[in-house]
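Participant: Residues per chain are reported as follows:
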Amino acid sequence: MILKGRAWRFGDDVDTDAIIPARYLNTSDPAELARHVMEDADKDFPTKVQKGDIIAAGKNFGCGSSREHAPLSIKAAGIQAVIAKSFARIFYRNSFNIGLPIFESRDASDKIREGDVVEIDADTGIIRNLSRGEQYTAEMIPPFMQELIAAGGLIEWTKKKIH
Amino acid sequence: MTITEKILAAHSGKSEVSPGELINAKVDLILANDITAPIAMQEFKKTGAKDVFDRNRIAFIPDHFAPQKDIKAAEQCKMLREFSKEYHIGLYFEVGRMGIEHALLPEQGLVVPGDLIIGADSHTCTYGALGAFATGVGSTDVAAAMATGECWFKAPESMKFIYYGELNKWVGGKDLILHTIGDIGVDGALYRAMEFEGETIRTLPMYGRLTMCNMAIEAGGKNGIIVPDAVTEAYAKGRAKRPYTFYGSDADATYVEVREYDCSKIPLTVSCPHLPSNTKPAAELSQITIDQVVVGSCTNGRLEDLREAAQVIRGRKVNPNVRMIVIPATQQIYKEAMKEGLLEIFIDAEAVVSTPTCGPCLGGYMGILAKGERALATTNRNFVGRMGHPQSEVYLANPAVAAATAVLGRIGVPEEVATGE
Numbered sequence: 001m002i003l004k005g006r007a008w009r010f011g012d013d014v015d016t017d018a019i020i021p022a023r024y025l026n027t028s029d030p031a032e033l034a035r036h037v038m039e040d041a042d043k044d045f046p047t048k049v050q051k052g053d054i055i056a057a058g059k060n061f062g063c064g065s066s067r068e069h070a071p072l073s074i075k076a077a078g079i080q081a082v083i084a085k086s087f088a089r090i091f092y093r094n095s096f097n098i099g100l101p102i103f104e105s106r107d108a109s110d111k112i113r114e115g116d117v118v119e120i121d122a123d124t125g126i127i128r129n130l131s132r133g134e135q136y137t138a139e140m141i142p143p144f145m146q147e148l149i150a151a152g153g154l155i156e157w158t159k160k161k162i163h
Numbered sequence: 001m002t003i004t005e006k007i008l009a010a011h012s013g014k015s016e017v018s019p020g021e022l023i024n025a026k027v028d029l030i031l032a033n034d035i036t037a038p039i040a041m042q043e044f045k046k047t048g049a050k051d052v053f054d055r056n057r058i059a060f061i062p063d064h065f066a067p068q069k070d071i072k073a074a075e076q077c078k079m080l081r082e083f084s085k086e087y088h089i090g091l092y093f094e095v096g097r098m099g100i101e102h103a104l105l106p107e108q109g110l111v112v113p114g115d116l117i118i119g120a121d122s123h124t125c126t127y128g129a130l131g132a133f134a135t136g137v138g139s140t141d142v143a144a145a146m147a148t149g150e151c152w153f154k155a156p157e158s159m160k161f162i163y164y165g166e167l168n169k170w171v172g173g174k175d176l177i178l179h180t181i182g183d184i185g186v187d188g189a190l191y192r193a194m195e196f197e198g199e200t201i202r203t204l205p206m207y208g209r210l211t212m213c214n215m216a217i218e219a220g221g222k223n224g225i226i227v228p229d230a231v232t233e234a235y236a237k238g239r240a241k242r243p244y245t246f247y248g249s250d251a252d253a254t255y256v257e258v259r260e261y262d263c264s265k266i267p268l269t270v271s272c273p274h275l276p277s278n279t280k281p282a283a284e285l286s287q288i289t290i291d292q293v294v295v296g297s298c299t300n301g302r303l304e305d306l307r308e309a310a311q312v313i314r315g316r317k318v319n320p321n322v323r324m325i326v327i328p329a330t331q332q333i334y335k336e337a338m339k340e341g342l343l344e345i346f347i348d349a350e351a352v353v354s355t356p357t358c359g360p361c362l363g364g365y366m367g368i369l370a371k372g373e374r375a376l377a378t379t380n381r382n383f384v385g386r387m388g389h390p391q392s393e394v395y396l397a398n399p400a401v402a403a404a405t406a407v408l409g410r411i412g413v414p415e416e417v418a419t420g421e
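Residue numbers (the working numbering), protein chains in the order written: chain U, 1 to 163; chain P, 1 to 421.
A few of these clues could be false.
[Claimed, not checked] Where chain P lies over chain U, by a calculated footprint (3+ residues, C-beta under 8 angstroms):
| # | region |
| --- | --- |
| 1 | 2-11 |
| 2 | 25-34 |
| 3 | 47-59 |
[What the hints assert, rightly or not] From the derived model, a few chain U residues whose C-beta atoms are all more than 12 angstroms from chain P:
| # | residue |
| --- | --- |
| 4 | Asp15 |
| 5 | Thr16 |
| 6 | Asp17 |
| 7 | Glu39 |
| 8 | Glu68 |
| 9 | Ala70 |
| 10 | Ile98 |
| 11 | Gly125 |
| 12 | Arg128 |
| 13 | Asn129 |
| 14 | Arg132 |
| 15 | Glu134 |
| 16 | His163 |
These are calculated hints, taken from the structure and not from any lab test.
Owing to the predicted nature of the structure, the values given are computational and were not obtained by experimental measurement.
The C-beta atom is built at its ideal place from N, Cα and C for all residues, glycine as well.
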């Protein structure tokens, strides 16, 4: 699977309150959550972001709360993938469970700039920066996570297990 | 093996578990709240499971936006009530019977030593104070576990934190954990188990241990944990609703890192905006004026926390420039605080006392900050916009510092106000 899109830059330690502030958590409707995605990191982001875009961030992306609303709001806003130096663990779990592609790459995190057009080969973990003619490698996705992706997320995986 | 590895092994039918190993483990208790349970319930239905794995091992606690703060929050709480009726959930806590989840479940003896617990709330790691493996997960993890009674884990590496020396006056579990997070950073324990031990921990009361384990997530930790001892036994005895097991760490257990802290050198500590790791001694922040003080939350809303705050503020008044909000974490704590006269002390000091709720901690309601306002809170996070407007600020501290700050109208330490003995 190839994911190609325009990158938005964010820094280190982007927390779940910045991704989706708790004041909007009185709903779990993905479309409504998407209208406020990343609002406390960049208040204009929900209007600027376009379907197919990619987020490139620093270390510890998604730290803080366990709210699944965070990866849900990113996915519902049409963002295809998140690349970061590292992810907070609950955010990491949640992303695989709901089917938001995420990639850990120190190199990509350091070098991708806002507006760069990036192409990710989800199967090999090769990230190509088409704007700069650079190539980076993402950490391999652990086999169990690949199994989850192949099944279509944790719920589909669980369905197979119980039936 | 470490205590964390032993609990994971015992719950996955293995004699041994090593860091990095992927396991499917049986869970003893699953919990979710009014923010996270609605998605879990929706996803659970998608699994096609006919019933939940065990109706007495699932807890639903409307506490974040409850008592219901608006129509949408009420709709979410209604989902918890209706799902609980449909599946005869044994541990549903209605308003009036509830409390903040991580204060309520230990208090009611529903989480016990040796348990493996998952919760759709990041502060589920609190229960490590009892010698349990407890970790926060997402709603979908909870949905799958409600169907199967199991959850997948990557066994974490363990870090050991050793605390020795005598605590300074008014310094407690909150200061130790803030100091530790300040030392290692908000991802200093990413994916790892944080095991707290040492002579200072052995004498630390359960409420201080709960506060420490509660904030393990603020260092990126998978869980915080303390090997059970006499303090644990005294807490669990007569309270535990299920049989419990004490696990310990072997002398030859492997730790990726060991850090030691001389507690006599740890001052009253405050985390400054906008990360819990941004710590400074409280005494160095006396120029910071404060608009609101919050005493409460799953971190510091227990009876002993309220006692500490009351001891400082007794016979004093909240500064005219400050609003002080006190939130006992559970109905039982509320009642005890009332019987002990703590609530009267707060009301006489001109603070407000709220019914149990997470409310302001996550910027829900019951004390939201306006643009440019600044709060000092006994809560656990001070991210941008955490308690209200994106241009407001939150400082984190212990209850005694919070009470002193409320009196002074600026960040201060208890010694600066008469203790009103």
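Participant: None of the hints should be skipped; say for each whether it holds.
Facilitator: Hint check:
1. Judged by the Cβ-Cβ criterion of 8 angstroms, the region 2-11 of chain U is not covered by chain P as claimed, because only 0 of its residues qualify and three are needed.
2. Beta-carbon proximity to chain P at under 8 angstroms applies to 4 residues in the region 25-34 of chain U; the threshold of 3 is reached and the given coverage holds.
3. Note: the region 47-59 of chain U has 1 residues with beta-carbon separation from chain P under 8 angstroms; the three-residue rule is not met and the coverage is violated.
4. A beta-carbon of chain P is positioned within 12 angstroms of the beta-carbon of Asp15(U); the least distance is around 4 angstroms.
5. Not every beta carbon of chain P lies more than 12 angstroms from that of Thr16(U), the smallest distance being close to 8 angstroms; the non-interface claim is violated.
6. Not every CB of chain P lies more than 12 angstroms from the CB of Asp17(U), the least distance being 4 angstroms, so the non-interface label is violated.
7. A beta-carbon of chain P is positioned within 12 angstroms of the beta-carbon of Glu39(U); the least distance is around 8 angstroms.
8. The Cβ of Glu68(U) does not lie farther than 12 angstroms from every Cβ of chain P; its closest approach is about 4 angstroms, which violates its non-interface assignment.
9. Separation of Ala70(U) from chain P is inadequate, the least Cβ-Cβ distance of about 9 angstroms not exceeding the 12 angstroms criterion.
10. Non-interface call for Ile98(U) relative to chain P: violated, since the shortest CB-CB distance, roughly 6 angstroms, does not exceed 12 angstroms.
11. The beta carbon of Gly125(U) is kept farther than 12 angstroms from every beta carbon of chain P, the shortest such distance being approximately 19 angstroms.
12. For Arg128(U), the non-interface assignment is confirmed: its Cβ lies about 28 angstroms from the closest Cβ of chain P, beyond the 12 angstroms cut-off.
13. For Asn129(U), the shortest C-beta to C-beta distance to chain P comes to about 25 angstroms, beyond the 12 angstroms cut-off, and the non-interface label holds.
14. No Cβ of chain P approaches the Cβ of Arg132(U) within 12 angstroms, the least distance being about 27 angstroms, so the stated non-interface status holds.
15. At the 12 angstroms boundary, the C-beta of Glu134(U) stays outside the reach of chain P, the nearest C-beta of that chain being 26 angstroms off.
16. At roughly 7 angstroms, the least C-beta separation between His163(U) and chain P is not larger than 12 angstroms, which violates its mark as non-interface.
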